[in-house]
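Trainee: Assemble the complex: chain W is given as a structure, and chain H must be docked to it using the hints.
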Amino acid sequence: MSASKSAPILAGILVLLAGLVGTGFWYTFRDNGELDDALEALRLQQYDKARQLLLDRLERRPQDAHAHLLLSRVLRRMIPDDLTLARQHLTAARQLLGPNPEVELEEAMLICQSGWRARETEADLAGRVASPETPGDVRLMIYEALVRGHIRAGRLNAAIRWLDRWIEALPGQADAHRWRACLLEYQQRPHLALEDYRALAAMQPDNRTLRDHQGVLLAESGYDYQQAIQLLGEDFSSRHDPRTVTAQAICFYGLGDLVRARQAVGRALRLDPSYVPAWLWSARIALEAGDAQAGLQAARHALAMLPGVSSRQAKVALLEQRSPPLAHPTTYLERLQQLEIQALNQLGSLQQLQQAMERYRRTQECLARWNQLVENTPAVPDLDNLYQAAQLQLELADCDEAETLVQRLLEQAPDYPGAMQLLHDCHERRYQARQAMENPPTITEP
Amino acid sequence: MPGFCGPNGAHRNRLTALLAGLALLGAFGCRPEPAGTAATENRKQPAPKTAALTSPQPASPASRQSASLPAAPFVFADVTDSSGITHYYYNGEESNQYTILESLGGGAALADFNRDGMLDIVLASGGKITSDVVVGFSPKYYTQAGRLRFRPAAGRSGFESVNFYHHGIYLCDYDQDGWIDVLITGYGRLALFKNVHGEQFTDVTAQAGLDIQRQELHWSTAAVWADFNEDGHSDLFVGHYVDWRLKNQPVCAGYGPGVPRDICPPNRFAPLPCQLFYNNGDGTFREAATASGLLPGKILGAIAADWTEDGLLDLYVANDAIPNQFYVNQGDGTFREEAVLRGVAGGPFGEPEGSMGLATVSLDVSGTRAIAVTNYQGQLHGLYEDRGRGWFDYAAARRGLAALGTNHVGWGIVFADWDRDGDRDAVIAQGHVIRHPPEPQSLAQPALLLQFRSEHEPPPTGRFVAVAAGGYFAQPHRARAIAAGDLDNDGALDLVITHIGEPTRLLHNQTPASGNWWGIDLGCFNGRDKSGWKVVVEDDRGRTQHYSFASGEGYLASHDMRLVVGLGAAQSLKRVTITDDLGRSWSLPESYLAAGQYHRWDYRSAGTPHPPD
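Protein chains in written order, with our numbering: chain W, 1 to 446; chain H, 1001 to 1613.
No lab work stands behind these hints: they were computed from the structure. Every residue gets a Cβ at the ideal spot worked out from N, C-alpha and C, and that includes glycine. Warning: the hint list may mix true and false statements.
What the hints assert, rightly or not - Pair by pair, the computed Cβ-Cβ distance ranges are:
| no. | chain 1 | residue 1 | chain 2 | residue 2 | range |
| --- | --- | --- | --- | --- | --- |
| 1 | H | E1230 | W | Q355 | 54 to 60 Å |
| 2 | W | P171 | H | P1460 | 40 to 46 Å |
| 3 | H | L1295 | W | G418 | 33 to 39 Å |
Chain W on its own, in the form it takes in the complex (with noise of 0.2 Å):
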């Protein structure tokens, strides 16, 4: 072959060449692109986008370990989150690479954020976030997983000593804030939820729906009426919340204007029919306000609205940074039973009155058979400690609990005496609640 002719074959193999070895350069620096905006997505908490991208790329390249490894840590981060996938593509990740210390870590948060009481890996973790060689992003990760574990598993006084301490190490964290002044309130503790709040109200001055918050916690407290329809204002009309209503109809309560708190708790109401605590709100202002009947009605339909109030829901907004709007059903059912019986002694109706009377004394009888229980029942409760549990925990109004405890009975004696009718008895009442829910009783305003 002639130089003339072989030039221009040399020359299409060099351009070929080029265009494979750019090809790949290109396809290198796009993936590694994706690996980036990812990490960014997730540093910036866009976790549907962080998973997004971590897909597509896992689409194309099944056996990328790195991929991997931070989709189980998006999906594990996220809200909410999703620890069995989450757990998927960290053993994926664990086959790929073999022994490796990012594994581990994100393992062993993996397992703490799952709620087990891990005491060792809990240990492990607290070592790290201790060490000043661990840097502030992976401390943050670690202090999270850690918080939110111990949520899911009910154990709050844990979860706050973990965010006293993440907001000690790494102040400024609005995410430490929020939930600890979520888990704050839950636990009836305002004035220190209050104080979260206005630290949280300091890094989002413009944050309205902050504003109104700590307006409404002032309110359900009964800290101060008066900052408190400061901070939410007196009109209520072009409201649409029914709990910030109703904190403003509190307010009212609470300074004296009865006619003014029963017209926004009447309000809140039409809002939301199925809100408990307006309808509590409502009985209590009526009762006050001299109208026996109405509150007589209040109380008595929240009482048939009950459980309406979800422990599950209550985790859900914890575990997402929501301020759980509701108190426990049990603590309803105590105060509406008394509310009642306040209204039948208004109306001096003493046969009704102890008819009432003898509910409360019920439910009294409950609450302390279901505190001696706790005191007796051995580390692994047996099978009728479990069913006893479950009888009471329906007595006190409390279905999510009282399934809970069926379910796990049944999981062990598919055959227990009476626990298919407990569970039976779950769904009736909640179906009786929900009809109740959908049938509000007219609500009469002054």
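Mentor: Just chain H now, with coordinates in the frame of chain W:
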């Protein structure tokens, strides 16, 4: 003190936690947990030194708020320095053991013990707490030399024998000898002192049969002298607090960030039984049967009056962190507890509160009676209006007490007509229980001064309104008991307020009088406690005022036994009717109606009463 004590979710939580340990993602039981248990134990911050407790506190949010309150028409001058009273209640906090014992404080009692026409003062002194023993300091007895000058009793008063840590001072002429005797409640025992001609007090506890030594009766707090069995002799109810001992002193975490330790909440301790002693009429007492129907409590206040209007004295008991109790006297030596039924068990929703002080008041021209209860942080001060025959409505919002908010801890409460305009105003002593309350709470809190706005005053009317006054009321304090009495016999009620960490104060009422006054002494000088008695005063302008008496009002204190009635614009009285606890009534003769002075009235020489209705 239930801010202390979160809702009763702790036990409910445990089984759930137990189950959560069994299986992953177990039953979610994150109900409210008791505040200040484990949640804050790791918050690092050095514990403030005890000295900080006694140094002036920064203005609390409540005191800052007072700037926006309307000005008080009342003037109280702090005359402690010139009075000769140099008294301090020692609560033992300097030992830094964080005992619940140190949170209650001590009382004061005002009476003319030596019958020289001027009020004298007995003050509780508390004690100290070491690592293995609780000891008491002697109460102080000050006699008045006139013009608000007091001097410690010359020589031995007899109170030197008090060596137990004590709280309450309660008065009654239990033996009907004409001299007012003194009961002292406290940790370890109680003591009855007989007034020997105003010169000395003799400990007659054992002689009177009150020295019951039972393991479970070891922390007496509130007491009530009242004739429960209607035999003409004052009986004695004694409330006990909680089963705390140095031996069972738990360590409790602080309640706010950075506080490693603080005083434990009452929920950590069991309630104690109460006692009822019937007066035998011969200087001795017998203890009521255990089947009397009185239940254990965590008692800090108790009052007796005939709310059910059946001629028998009933009993209302303020409990700390458990429901209050309302005992209906059955007339056969037994009582029936009906607090929930009658609407006086707790807060707006009947929830248990940390109730401390109690007082009664007649609110308006119709004589509507009400019971007021001071409560813990996070709770409203309560007001229960008696609709009749002891059926109560919760009325804290309607009557203005709710507007005070919940950011304070109340103790002593007194209703009195500070400016003599014919309305009953109020004072509430305040101060926190725990040593390091988290913001926005504060250890020291200003006392609340409340004015009752009647219909002829600026709105809002028919309710109490917090008003701002200078001097003592402008500053935060750790106040506990208030004793009210007319120390200088001018018809204006003065105040003695005890504290923790600061001296007892004497506040002279110098409010410009907006009217004349009339006073009467119905105290237990004639051997009968005035519980259940009523006085109806009708003035020359046609205004009628109702006064009902209840024993045990206030917090650990005893007020001047005389009644002072502000007459407002009226110049004289038209009629005064007195009704005793048996329903018999007397119309006072003309000679008792002169305004601007006190009258002493003895039912035994008052002629035939009108029969009961």
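Trainee: Indicate whether the distance between the beta carbons of P171 of chain W and P1460 of chain H respects the range 40 to 46 Å.
Mentor: Check passed, 45 Å falls within 40 to 46 Å.
Trainee: Would you say the C-beta atoms of L1295 of chain H and G418 of chain W sit inside 33 to 39 Å of each other?
Mentor: holds, 35 Å
Trainee: May I ask you to test the hint 54 to 60 Å on the CB atoms belonging to E1230 of chain H and Q355 of chain W?
Mentor: With Cβ atoms ~34 Å apart, the hint is violated.
When each numbered hint is compared with the structure, a violation occurs for hint 1 only.
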